[in-house]
Structure formats: structure tokens, C-alpha cells
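Letter by letter, the chains look like this.
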Amino acid sequence: MLEIAPKVHNDEHAAIALRAAPGQGFNMFIFPMIMRAYGGKFFKDYVGGDLTPAINSPETLEALRVYIRLINEFAPPGAGNFNFAEVKAAAQNGQVVFTVEGTGVVTQIVDPAESQYASVTGIALPPGGPAGRSPAIAVHGLGIPATSRHAEAAARFIEWAVSPETVTKIALSEPFSDFTTASVARDPAVLAKYAKIHPDYLRLRTEALNLAIGHYRPLIPEWPELGAAVGELINAAVNGLMSPEAALAAAEQEMRDILGQ
Amino acid sequence: MSQTSIKRRGATYELERGYRRMILPAIFAILLFAIVPLAGMLALSFSDYHLIRGSKGEIGLHNYLRLLGDRRFIESVYVTAVLSIFGVAAQVVIGTAVAVGLHKIVGRWRLGRALFLVPYAVPHVAVALIWLSLFTPTLSPINAFFDLFGITVPAFLTTQGGALFAIIVADTWTNFPFAMLIILAALQGISRDLEEAAALDGATQVRTFLHVTLPLLTPALLMVTLFRFIDSLKHFPMIFVITKGGPGRSTQATNFYAYVQTFQSGDVGYGASIAVLLFLTAALISFYVARLNQRVSQ
Numbered sequence: 001m002l003e004i005a006p007k008v009h010n011d012e013h014a015a016i017a018l019r020a021a022p023g024q025g026f027n028m029f030i031f032p033m034i035m036r037a038y039g040g041k042f043f044k045d046y047v048g049g050d051l052t053p054a055i056n057s058p059e060t061l062e063a064l065r066v067y068i069r070l071i072n073e074f075a076p077p078g079a080g081n082f083n084f085a086e087v088k089a090a091a092q093n094g095q096v097v098f099t100v101e102g103t104g105v106v107t108q109i110v111d112p113a114e115s116q117y118a119s120v121t122g123i124a125l126p127p128g129g130p131a132g133r134s135p136a137i138a139v140h141g142l143g144i145p146a147t148s149r150h151a152e153a154a155a156r157f158i159e160w161a162v163s164p165e166t167v168t169k170i171a172l173s174e175p176f177s178d179f180t181t182a183s184v185a186r187d188p189a190v191l192a193k194y195a196k197i198h199p200d201y202l203r204l205r206t207e208a209l210n211l212a213i214g215h216y217r218p219l220i221p222e223w224p225e226l227g228a229a230v231g232e233l234i235n236a237a238v239n240g241l242m243s244p245e246a247a248l249a250a251a252e253q254e255m256r257d258i259l260g261q
Numbered sequence: 001m002s003q004t005s006i007k008r009r010g011a012t013y014e015l016e017r018g019y020r021r022m023i024l025p026a027i028f029a030i031l032l033f034a035i036v037p038l039a040g041m042l043a044l045s046f047s048d049y050h051l052i053r054g055s056k057g058e059i060g061l062h063n064y065l066r067l068l069g070d071r072r073f074i075e076s077v078y079v080t081a082v083l084s085i086f087g088v089a090a091q092v093v094i095g096t097a098v099a100v101g102l103h104k105i106v107g108r109w110r111l112g113r114a115l116f117l118v119p120y121a122v123p124h125v126a127v128a129l130i131w132l133s134l135f136t137p138t139l140s141p142i143n144a145f146f147d148l149f150g151i152t153v154p155a156f157l158t159t160q161g162g163a164l165f166a167i168i169v170a171d172t173w174t175n176f177p178f179a180m181l182i183i184l185a186a187l188q189g190i191s192r193d194l195e196e197a198a199a200l201d202g203a204t205q206v207r208t209f210l211h212v213t214l215p216l217l218t219p220a221l222l223m224v225t226l227f228r229f230i231d232s233l234k235h236f237p238m239i240f241v242i243t244k245g246g247p248g249r250s251t252q253a254t255n256f257y258a259y260v261q262t263f264q265s266g267d268v269g270y271g272a273s274i275a276v277l278l279f280l281t282a283a284l285i286s287f288y289v290a291r292l293n294q295r296v297s298q
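From first to last, the protein sequence lines stand for chains R and E. For the first sequence, the residue numbers in our numbering are 1 to 261. For the second sequence, the residue numbers in our numbering are 1 to 298.
Hints in this document: simulated from the structure, not taken from any laboratory. C-beta atoms are modelled at their ideal positions from N, C-alpha and C, and glycine is treated no differently. Please note: incorrect hints may appear among the correct ones.
Unchecked claim - Distance windows between CB atoms, simulated:
| # | chain 1 | residue 1 | chain 2 | residue 2 | range |
| --- | --- | --- | --- | --- | --- |
| 1 | E | Leu65 | R | Lys7 | 14 to 24 Å |
| 2 | E | Glu75 | R | Ala138 | 28 to 38 Å |
| 3 | E | Asp147 | R | Ser243 | 31 to 41 Å |
| 4 | R | Pro221 | E | Ala81 | 30 to 40 Å |
| 5 | R | Ala138 | E | Leu280 | 50 to 60 Å |
| 6 | E | Leu280 | R | Lys44 | 40 to 50 Å |
| 7 | R | Asp257 | E | Ser55 | 13 to 23 Å |
| 8 | E | Arg108 | R | Leu172 | 50 to 60 Å |
| 9 | R | Glu152 | E | Leu42 | 39 to 49 Å |
| 10 | R | His140 | E | Leu280 | 32 to 42 Å |
| 11 | R | Pro145 | E | Gly69 | 33 to 43 Å |
| 12 | R | Ser148 | E | Ile59 | 22 to 32 Å |
| 13 | R | Ala146 | E | Leu65 | 48 to 58 Å |
| 14 | R | His140 | E | Ala126 | 50 to 60 Å |
To be verified - Coverage of chain R stretches by chain E, computed from C-beta distances (three or more under 8 Å per stretch; other residues unrestricted):
| # | segment |
| --- | --- |
| 15 | 69–78 |
| 16 | 90–101 |
| 17 | 222–233 |
| 18 | 237–251 |
Said to hold, decoys possible - Partner residues aside, some chain R positions facing chain E, computed with beta carbon under 7 Å:
| # | residue |
| --- | --- |
| 19 | Pro22 |
| 20 | Gly23 |
| 21 | Gly25 |
| 22 | Glu86 |
| 23 | Ser115 |
Bound-form chain E, shown alone (with noise of 0.2 Å):
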């Protein structure tokens, strides 16, 4: 081997060991802020700590064992998943359409790209504050402009269908900016000569989009569907704010429902499992669409 290849090995080598102590602080920092609580949780969920009645020091499987009888936590998984499904197919469809027309934007009008982040920098409070007013008939102005020709606007927040269009709504509104940016990033990552040599062979705009854009969008659209639907199984502050997980339960999401198992009801052993088994789920789908993006990039 000769010297100067020696050299630069070693000059890699300082580089990488370089790159390894910069990352230090980030690890230290996960695992101070996240391994450390995900195993307290993880301990307390076999545990039978309660806020107001504290322990009697029963240690096992009891609270996962209660979960399976629980129609309550039957119920939050339905609403979670309602929420989720059609909160996230919502915010990629309107995220790709929105980045597509962007992404035909020339010029100055290109800046008009930051007025579709605003819904995205608003905080969550907020927002939900925001889209409470708009569904409630007393405050919105939407109610106000249809009265003005007579028209009745229904009242969302009283029943469940409505209560829970409203959440996905605001979920919505607030959150396809996310999908609209990766979706715009992997647009302009696509040759034009692509597009151009299917428009020679005579092919539609719809159809280019569909034959030629599309697929070799799969990986981003994939890539985004897995974050956001990770983040929707989070659902707390829309519900928290707009229905208060009403009329009756029955917006009551399944973070929500591990809120009201720890926090009003004290069961903070009972909430830690539920919230032991959002995480599993979320590990568990990113782990599989991982492994399908792999496949689909190869």
C-alpha cells in the first residue's frame, strides 16, 4: 500500500471519527429526553401506579390484559383510525396537487410558495382555535355568509360524523403544507426531459402525470404518508380544543384516551400501557414502510 494511500485513509479515518463526536450531543440528547421516559413508560405500564391511590406494588401484564377487554380503548382505536386514514390520505392528495401547481410556477410568482407554509407555522392551539370558531355556528362566518341567502349550515360538533370531519378538517388545513414541501422537493428532483420525451411520443398532461410523474413520486409519497401517519396517531390538541373529545366519547382518540386515563382519572399505569402500544405501532409501521420504501427506490 503506498504512502499516500495510507495518508488519505488516515484522513478519512480523522473525518469519520470527526463526524462520530459531532453526533455525540444529539445522541446523549435522545437518549436523555427520549429513551430515558419511553422506559419509564415502559415501566410504569407494568405497574399499577395510580395518581390519587398511589401503588400497591403489583408488577405484570394486568393493564395490557385490561386493554383487551376495554371498550373504551376499542372505541379510541376506531376513532384513531378514521382520524388517521382519512385525516392523511386528505393532506397527500391535496399536499400533491397543491405542490404540482406550484411546481409549474415560474417567475416571481414562486414566492406565493410561502403563503401555503402559513397554515404550517401557526401552532396547533391555534389552529384549532381558529377552525372551533369556523364550526361553531354562533361565531362563524361561513354560517353568517350562507344565512345571508337563507341556507342553514349544519351544526358539525353535535354529532359524531360531523365532529369527527371537523377534526380531520383542521388536521388537514394545518398539516398539508408538510406533505405539499416533500412532495415539491421530489418534483424538482424529476428530469423535464422526462416529461418532454413522453409529450413528443404524444402523450396527455394527465396522462404523463399519471404514467410518468407519479411513479417516480412513489418513494416521496411514501415517505410522506409514514410521517404524517405517524404524527396522526398522536392526535391530542385538535380534539382537546374543538370537541373535548365529544358529543358524548365519541371523538375520544386513543392518545386522548391515554390523556384521560392519566390525567383525570389517574391511572397513570393504565395510560402508560395505552401509550406503550400507540409507540408499538408507530415503531411498527415505520419499520414496514421503511422496508417498502427500500424496495420500491430498488
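Pulled out of the complex, with its shape left as it was, chain R reads as follows (with noise of 0.2 Å):
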């Protein structure tokens, strides 16, 4: 991206813009792509259990130099307090050239009912980083709570929920391509359904679902607050409240008192 957008930032178009604003699902969305393809982190190791923090290191810290100057040098003016609405709708009126943004917010983009550039607007996975490509997936988890006087009733309800069927119907009914199986992708009538949007989208999404790890945000009860207070960080660093350094030092101590360590 950093190459691409010089070339194509001039006065009239501005190369790129991205959720910037503070949250949990707005920047921290978005930035933890850039993060993960940098090599940064935000535990020691997520998955073998050890929750540390480690989000102040120097993957991350270039990863956060990076956002930082896609947004202040290629972006158009104010876009460190967009979020999806304005990122979509500078996509849509062609202010911006590129933009990386969630699956949703994508067939808007190039939904030619939706944007007026759609027909000139093509689509590509997330571009990667030194460590691989890491696409943002937005799927959300079903639990059953330790006290649950009717687990195995919630058990049934839940794969029925996300069960290849329910999942068709509902990437049918709904605006939104959220799905979890990649079946999906392969029925005919959501074939027919998303080649009208852009006849790429699926073949993109399903790879993108292949790529994303469940993870991408922590799945801990502690995220919302962890992300929260990250997110108003890193947007900090991204207006210039604070350096890069100080605001990485700083989420790295606020996760640690979050988690109690």
C-alpha cells in the first residue's frame, strides 16, 4: 500500500482511507491486520495459553508507523475520526482510491445499486505484510454460560444456528455475506446472489475465510475492554496525542492492568 499510495494521492483523490476512529470494532478492526501481516501481537502466545501482553514490540511498532502514515500522509483530510460510514462513503463517492474494509461494507462498495464507481472498482484480499496476509474476519462466537440450566438445549440451538443450511438462508435473506462455512459459498443460489455484487466476491471471501484466524481478536471476556483501551491509543498515536512508542508502552501496561498482571 505504502508504494501504490503515492502514486495515485493527488489534490482531487486522496490514495486510501481507513477506520481510524477509537473502538474496539472500529480501528481495532482494522489495525490488527496490519499489526499481524508486521509479525506484532497482542499476547506472548494466545494460543498455547500464555496471556501476556505483547503488543509494545518493534513488529508492532512499525506496524503502527505504517497505519499511521497511510492515514496522515494518504488519506484525505480528518480521517483519523473515520469509521465504516464515512470510509464507505468516500469509497462510494470515489474521494478515496482504495480502502481496506469489512466484508459488509464491501458489497456496498461494489454494489453497483450502492456506489456509483462500482463498475470501476475492482477487489483483492487484504495485502500482506514480512509475516503473510492476515484479512479481519467479522464473525462473533456463540457460547453456553458454565451455569446454563439447559446446555444441551443451547448445544442443538447453536448448531442449528451455524449449521450450512441456517448459514445459506440466512447469506440469502440478509445484505451480508458473515458466513463461517465455505460450503456456503458453493451453493448455487448464493452463487447467483453475490456474482450480481461483484463477480470476485465470493471466490475472495471464501479465501479470506480460509486465511483469518478465529482469534483475529482475542476471544477472552476481557477483549471489550482490552480492545477499547487499545483502540483510544493507537487513534492517539494516529492524531498526534502521542508518539507511537508512548502509546504502545501505555497499551501494553493498560492490558496488563485489564488483566490484572
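Assemble the dimeric complex from its two separately framed chains, guided by the hints.
Structure below.
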């Protein structure tokens, strides 16, 4: 992105718009994509169960500098407060050349019924970095509380709710396609519906689904608080209220405080 | 005591009893929807209840003691103070100016008063969305207009000062009609004879306003300032929609910070202690200004 942005950025059009507003579902939906592409991570070993905060690393710092540069040098004025609505509008109005967004928003950018520039807009997987490509995935978990009195019935409900049949119905009846089962993308009716929006959409959506990691945002009860705190500090760095180094040091310290470490 | 006077007193007593009965539903509603939740909030503020971790049963002043050393809380008080002082001042000044202007208008143009009430009728979230668009350079018609002349309007929402200014503007736009209504009602209660007498004595319109009208408006001005100030302590929708507390955390007012602690962090006990402090501040200001108002009226 940093190679192409200077070539397409001019007074008429900005190169890029990215979510930057503080929030675990706002800038913390986009930034982890860049962070993971540069090899950064939230914890020392999330999968192995070591939840020692590790966000203050050279890799995350490099990612944060890239994110800051993209927003401050190649995005429209005021982009430091952009959320998905402003990003979507900028893309639909042709004010920016490219963006990285969630699938639900992308469908609206490439849908001719929604965007006047849809016919000249292409889609691709989010760019990778030295540590590979890490697309964001907008999915939610369904859990059963330990205190549930009807755990078996709850499990049966979850099985039904995430079954390919139910998810296919959702993909067909709702405007979004955030299904978590790749086989849904092979359903002829689903194929026909999304081919109308963009011919490459379903193929890329399935590739992204296979590349994405389930714990893109850590699946722990403290995440809303952690995500909000880190998101606020990242936003402070983007808008020049803190240096990137200070923001990451503060983020790691706050993560420790929240987790009681 | 004559028979007639006893009858009259009896009738008054019956009337008063009727009035008392009529306010019973209101008292019941206040108990149910204000006093009970308030008592619950007060109780929670002494607890360690957390949405995720539950409670270890610790009861005491720990939340209040924690507030004293919480830098984010102290910063939120500063943000609230800035938003309230500048916001309320702008609303009262603009509301008074518009009220004075509308008071002078006679004839069918008086119907135009209704126009000024429109911002007050718009839901706060819708107001916030309107101003978010106006302060977003890529969406704003204001930016587009100045762009035609090669003038770049600064991006307000990416600096603390600019973001606070944006919230104050949105809040003033939607709330100045309240000040206007109260002041207009007060102006209508002032006898025109006083202004005419001042004019006969050779006072200019400005001097008449400053030395005759304004002193008579003082109780209304105090009341409107009190109401708006108390309401301004509850800053939330404008911040939530326009800045989300940013850039960074620089527009997180105290009420917003109570939300952050309660719903983002799940720290219900701590969030309740912030809400209790806000309530006490509002109650204290109400009490003080009510006394001041009484003194001024006398």
C-alpha cells in the first residue's frame, strides 16, 4: 500500500481511507490486520495460553508507523476520526482510490446499486506484510454459560444456528455474507446472488475465510475493555496526541492492568 | 367562627385533598423510576460488582477512594467543565439574543418563532449525525463550499480543541431554543411601560436593555443557566456519535467515562460511583442556584 499510495494520491483524490475512530470494533477491526501482517501480536502466546501482553514490540511499532503514515499522508483530511460509514461514503463517492474494509461494507462499495463507482472498483484480499497476510474476519462466537440449566438444548440451538442450511438461508436473505462455512459459497443460489454484486466477491470471501484466524481479536471476556483501551491509544498516536512508542508502551501497561498482571 | 367560613374552609380542605390525590401517581412514578434506581446506583457504588468477574463481596468506599487517584476521571472532569461552561454560555447568550429579537417582531412574522424550535425537537442522535457530517471534510457541504474558493477548512475532529468545539456547536444548536423559550416568556412578562419610561428619559435601546430589561431577566437567566448546566453534565450522545471520546480519550466527559467503565470495562461498581458523584454535583448546583434565585427574586 505504501508503494502505491504516493502514486495515486493527488489533490483530487486521496489514496486511501481506513477506519481510525477509537473503538474495539472500529480502528481495532483494521489495525490488527496490519499488526499481524508485520508479525505483531496482542499476547506472547495466545494459542499456548500465555496471555502476557506483547503489543509493545518492534513489529507492532512498525505496523503502527505504517498505519499512521497511511492515514496522515495518504488519506483525506479528517481521516483520523473516520469510521466505516465515512470510509464507505468516501469510496462510494470516488473520493479515495482504495480502502480496506469488512466484507459487509465491501459489498456496498462494489454493488452498482449502492456506489456510482462500482463498475470501476476492483476487489482483492488485504495486502500482506513481512509476516504474511491476515484478513480481518467479522464473525461472532456463540457460547454456553457454565451456569446454563439447559446446556444440551443450547448446544442443539447452536448446531442449528451455524449449520450450512441456516447460514445459507441467512446469506440469501440478508445483505451481508459473513458466513463461517466455506461450503455456503458453493451453493448455486448464493453464487447467483453474490455474482450480481461482484464476480470475484465470493471467491475472495472464501479465500479470506480460509486465511483468517478465529482469534483475530482475542476471544477472552476482557477483550471489549482491552480493545477499547488499545484502540483509544492507537487513535491518540494517529492524531499526534502521543508518539507511537508511548502509545504502545501505555497500551501494554493498560493490558497488564486490565488482566490483573 | 361563622357557619359560612367553616363551610369555605371545608371546601378548601376538600380541594387540597383532591390536589394531593392528583399528585399521588406522579409521586409513585418518581419513586419507582427515579428514587429506586438511584438507591440501587448508590448501593452499587459501594460494591465491587463487575459484569464479568461478579463480586467478591467487598463493600465500602474503595470506588470513591480510587476516583481520587484516577487520572482519566480527573481529565474527564476537565472535559465536562469545558463542555458545560462554554456550551451553556453559548446557549444562554444566543438564546437571549434570539429571544430579544423575536420579542420585537409583531404581526404574522411571529409564527416564524416556531422555526427556531426545530433544532430542539430533533432527537440528539440525529443532531449528532448531522454535525458529524458537517465536521467530516469529505461529507461536509461547508468544506465543499470553501473548496470552491480554494480555502481549506481545518479538520476539527482530529484535535482535542477542534473536537470539543464541534461538540459544543452541536449541543448549542440543539439546546439554545430552550434558553430562547424561557427568556421569551420572561420578556413577555416585563411591562412595556418601563421601556417607554426609559425611552422618555432619553435612554438608548442598548442602555434600556442593559439597565432595565436585563436586570428584570436575571431570575429567568439564572433558571435557564441552572437547567442547562445540570443537563450539560449528562453529555453523552454528541460524544458517542461525533467523536467516540476521541481523538484518543480527549473528549471523554465524566458521564461518557461512567459509560466506558460500566459497559466497556464491566466495572459496574466503579461506574456507579462516578454516576453518584455526577448526581451529587447536579443536586448541589440546583440547591445553590435555587437559593440564589430566591435571593434575587426578593
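Hints, one by one, checked against the model:
For leucine 65 of chain E paired with lysine 7 of chain R, a C-beta distance near 57 Å fails the hint of 14 to 24 Å. Against the hinted window of 28 to 38 Å, the Cβ-Cβ separation of glutamate 75 of chain E and alanine 138 of chain R comes to about 32 Å, which satisfies the hint. Under the hint 31 to 41 Å, the C-beta atoms of aspartate 147 of chain E and serine 243 of chain R, about 32 Å apart, fit the expected range. Range check, proline 221 of chain R to alanine 81 of chain E: Cβ separation about 35 Å, and the 30 to 40 Å hint holds.
Between alanine 138 of chain R and leucine 280 of chain E the beta carbons are some 42 Å apart, a value that contradicts the proposed interval 50 to 60 Å. Checked against the hint of 40 to 50 Å, the pair leucine 280 of chain E and lysine 44 of chain R passes, with Cβ atoms roughly 44 Å apart. Under the hint 13 to 23 Å, the C-beta atoms of aspartate 257 of chain R and serine 55 of chain E, about 20 Å apart, fit the expected range. At roughly 57 Å, the beta-carbon separation of arginine 108 of chain E and leucine 172 of chain R lies within the given 50 to 60 Å, and the hint holds.
Under the hint 39 to 49 Å, the C-beta atoms of glutamate 152 of chain R and leucine 42 of chain E, about 41 Å apart, fit the expected range. Restraint check, histidine 140 of chain R to leucine 280 of chain E: a C-beta distance of roughly 39 Å satisfies the suggested window 32 to 42 Å. Between proline 145 of chain R and glycine 69 of chain E the C-beta distance comes to about 35 Å, which sits within the given range of 33 to 43 Å. For serine 148 of chain R and isoleucine 59 of chain E, the Cβ-Cβ distance of about 29 Å falls inside the hinted range of 22 to 32 Å, so the restraint holds.
Restraint check, alanine 146 of chain R to leucine 65 of chain E: a C-beta distance of roughly 33 Å breaks the suggested window 48 to 58 Å. The hint said 50 to 60 Å for the Cβ distance between histidine 140 of chain R and alanine 126 of chain E, and at roughly 28 Å that hint is violated. Counting residues of the segment 69–78 of chain R whose beta carbon lies closer than 8 Å to any beta carbon of chain E gives 3, which reaches the threshold of three, so the coverage claim holds. Here the segment 90–101 of chain R counts 3 residues with a CB under 8 Å from a CB of chain E, which clears the bar of 3, and the coverage holds.
Three residues within the 8 Å Cβ limit are the bar, and the segment 222–233 of chain R against chain E gives 6, so the coverage statement holds. Residues of the segment 237–251 of chain R lying with their CB closer than 8 Å to a CB of chain E number 4, which satisfies the three-residue condition for coverage. Using the Cβ-Cβ criterion of 7 Å, the hint placing proline 22 of chain R at the interface with chain E is satisfied: the shortest such distance is roughly 4 Å. Taking 7 Å as the C-beta contact cut-off toward chain E, the hint placing glycine 23 of chain R at the interface holds, the least distance being around 6 Å.
This hint is violated: glycine 25 of chain R has a C-beta 10 Å from the nearest C-beta of chain E, more than the 7 Å allowed. Given hint, glutamate 86 of chain R at the interface with chain E, holds; its Cβ is 6 Å from that chain's nearest Cβ, closer than 7 Å. Restraint check, serine 115 of chain R versus chain E: the minimum CB separation of about 15 Å is more than 7 Å; hint violated.
Of the numbered hints listed earlier, those contradicted by the structure are 1, 5, 13, 14, 21, 23.
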